[in-house]
Amino acid sequence: MVMKAIYSGLKHLVKSRMTVKYPDQKLKMAERFKGRHILDIPTCIHCRACFRICPPKAITMVFLRKNEQEIITPQKRVEETPKSTQTDETPEKKNKKREEVFPQISYERCVFCGFCVDVCPTNCLNMSHEYELSVYRKDDLVYTPEQLSEIPSEDEGRFTIAFTKRGVTHAD
Amino acid sequence: MSPLYFSVGPQHSGSGHLRMKIELQGDIILNAEPDPGFVHRGTEKIAETREYQQNVPMIERQCLPDVSSVSLAYAMAIEELLGIEIPPRAQFIRIIMCELSRIMSHLYWLSIMGIFLGHSTMFMWPFGDRDIFIDIAEKITGSRVSYTYIVPGGIRYDLPDKIKEQTIKTLDYFQGRLKEYDAIFLSNPIFERRTKGVGVLSQTDAINLGVTGPTLRGSGVRGDIRKGIPYSSYDQLDLEIPVFTEGDSYARSMVRFKEMEISSSIIRHALDNLPDGDFAVKTRKKVPEGEALSRVEAARGELACYIMSDGTSKPYRLKMSTPSFRNLPGFSLMKGSMLADMPTIYWSLDYWPPDADR
Amino acid sequence: MNIVNNIENVLNNIQIVELRQLLLFVFGVLRSELFFKIIFFPGIFTILITVSELIWLERKFLAKMQLRVGPQYAGRIGGILQPIADFVKLLFKEAIIPEKADKKFFQIVPILLVVLATTTLTVIPISETAVISNLDVSLLFTFAILAIFPILTLLAGWASNSKYPFLGGIRALFQQVSYEVPLWFSTLGVVLLAESLNFVSIVKAQSSFWYILLLPLGALTFIVSMIAELERIPFDVPEAESEIVMGWMTEYSGMNFGLIMLSLYTKLYFASAMFTALFLGGWLGPSILSPSFWFLTKTLIVALIIIMLRGVLPRVRLSDLLNIGWRRLLIFSLISIVWAVMVKLFLLGVF
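The listed protein sequences derive, respectively, from chains A, F and Z.
Here the first sequence is numbered in the numbering used here, starting from 1 and rising by one per residue.
Here the second sequence is numbered in the numbering used here, starting from 1001 and rising by one per residue.
Here the third sequence is numbered in the numbering used here, starting from 2001 and rising by one per residue.
Think of the hints as simulated: they come from the structure by calculation, not from any bench.
Some hints could be false.
Claimed, not checked - Derived coverage of chain F by chain A (criterion: at least 3 residues anywhere in the stretch with Cβ under 8 Å from a Cβ of chain A; other residues may be distant):
1. 1069–1080
2. 1123–1135
3. 1148–1157
4. 1209–1219
To be verified - Distance condition first, Cα-Cα at most 25 Å in a straight line; then the derived BS3-like pairs of lysine-lysine:
5. F:K1286 x A:K57
6. A:K26 x Z:K2344
7. F:K1286 x A:K165
8. Z:K2037 x F:K1179
9. Z:K2060 x A:K11
Note that the structure is predicted; figures quoted are calculated from it, not measured.
Cβ coordinates follow ideal geometry from the N, Cα and C atoms, glycine included.
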């Protein structure tokens, strides 16, 4: 009956709204949320496991920058990547001393799957709750190891799903 | 009068990413030909250049509302090649994720059905309700829409604490929502008038054309992979299969509606009887030679994954047979119907272009 | 009168002929009450403000029913200036005209739509004296204007020279023509009871009983036919379909589209006002508050009901639409005429 539909529609006028008024109100992410990576530079043992497992090849291994002012262009990235990370390792090379390279992640390609976090043997690569990664230039999407080691500010959202008498809403 | 040829193309508010060539005479459609391929991304070819575990994020993004079923099919094929057995706890959790994905996919279907029929309220409510399920998925897996949770060998993490209470609260709230959907949309006389008797697919035609999923069950054929060839501990849970015999769009819509209720009860049952144990087993990188086929009941129908491996760590050939592509012959139902029936028939088949084009 | 004579004498002494004529004309216009009725109340300003409030009301009401927030940022409270922001935005957009379209007709249709929609409002009285022109046959006048709208939508669809507007224009013609007959017939009952075609007399004749109580079937037929004339959901087959992108409005952009939207909502206001005047007793109400207030409140309530139906019902198919229009509603309206005759003879004869 049409009256049943009208009654159901009118009942919803007194229910609570589900909207989250972003960016004034932000959602609180779950503990396991996979956001931007955090790298702990002293703990990394340069094993390159994260480089080998990354599905879209978003991780490249680079040396730490001595000069902070240098802008990283894609051409420079290719030139400076050490040769040994571009091929599969053969058994003879395993005994050589490892070059001190760190992961550099390009968020153009990263799919936030978290395989690199799972495979890291020393637990130095983790994922934070930061997801607002928009930039004005594409080159800024490449995060060097120094940028990855900065812990994001504690601007956590506070809104989660709450079941109330008047329906479901996002509340503080 | 000569017929009018026009295309309901990829850039159209009524078609998704599909091009349909329609021949119209007056108000009757003489011929409607789908032209798939707009979203082809070359999944199967790219999969040959990556290792087995590296393929999981790409495979699951094939059909985004219904992520778990696709990755489950892929994982099951690899486990068959490796010859390993998954622990029961992982199997039950895989069932829970699959049923959650099924509910989310059917909610997406319901909201687009509303907007195709011109009902703006029915467009907003199911998307709002998807958010509470996405929240549960985020707590379990860490991502909101594309989980990368079911991998060959089991699942990646165990369930977090207190997830059972939240899921039960969500499912109780969802029961009330299903009643509201019924009152405002599915029992609406205008909806019944628009979908009853529209796009009738008889039982013999359904079997001959090879359609799967709710399209098949709406035509009176009792076919469901979860019951016929049980996988991943589905035989330990009692499962109802809704079957309607009319074969029109109304029957197909009611099948999907009833499936949402049944999925809720499966999730509750699985959460109550969750066994303890490991959640994954160790696998090897190099998969032995051979070929394997796995079949899974996704939200849209039967999904089959065929892998042929040649002994290395990368697959030699990956083939996915997706339910949307198998339902393409259903577009011949549009012949002879009115133009207003075109979105009804198109969406009651639940054709999802990225799923069909891979 | 002394001051007026003084000013006229001063103006008549100006030597430059054109300046004198211009100033006399302006002075005459400023002294006339009709001018202010046309511009301010119940004229263009009232219409524009009411129309923008109707747009805002529709968006907020539907948003609340759909569990979300509607416009919220334009204007301090609740996005109340959002329709004005939309019109300003449309002013800045490029009005694209397709290359093979018929330019003259393409551009004249939105203007004509707005002009005709506001013309119908000149005869609807907001209170006993607040009406721009009190014709003897005002009901007939509104129907005459309403009969032109199907031609304009067909012209819009044809002039766009494209497939989707073509389909939409033809469907608009079918729909609007087939719902005009039940519309006229359902008001015949009201005319019989009130014995006049003038809106003011019709409202005055409802001082004992509102006509919605005496003629419920006629009221129902009228409101359903009016929703079909307005091309709103559930009867919006010509526009906003999922098969024909926006129907006959597809190729319009920029201020052309803004003018069409304005005319659609003016027609909504006009439909609610007509329903109030014919069936709900116009401005009659307790005399604590002014009559115009009662009229506008009742109009808003009727508009809210029409808006609510948009949120609750899906779209009807074209074949069902024509079926309802030519069969059921025609029969209902004929029954309501007979009913009105019975009421007049037996019920009202007692009083």
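Discussion item. Which constraints among the numbered hints does this structure fail? Numbers only, ascending.
Written reply: 1, 4, 6, 7, 8
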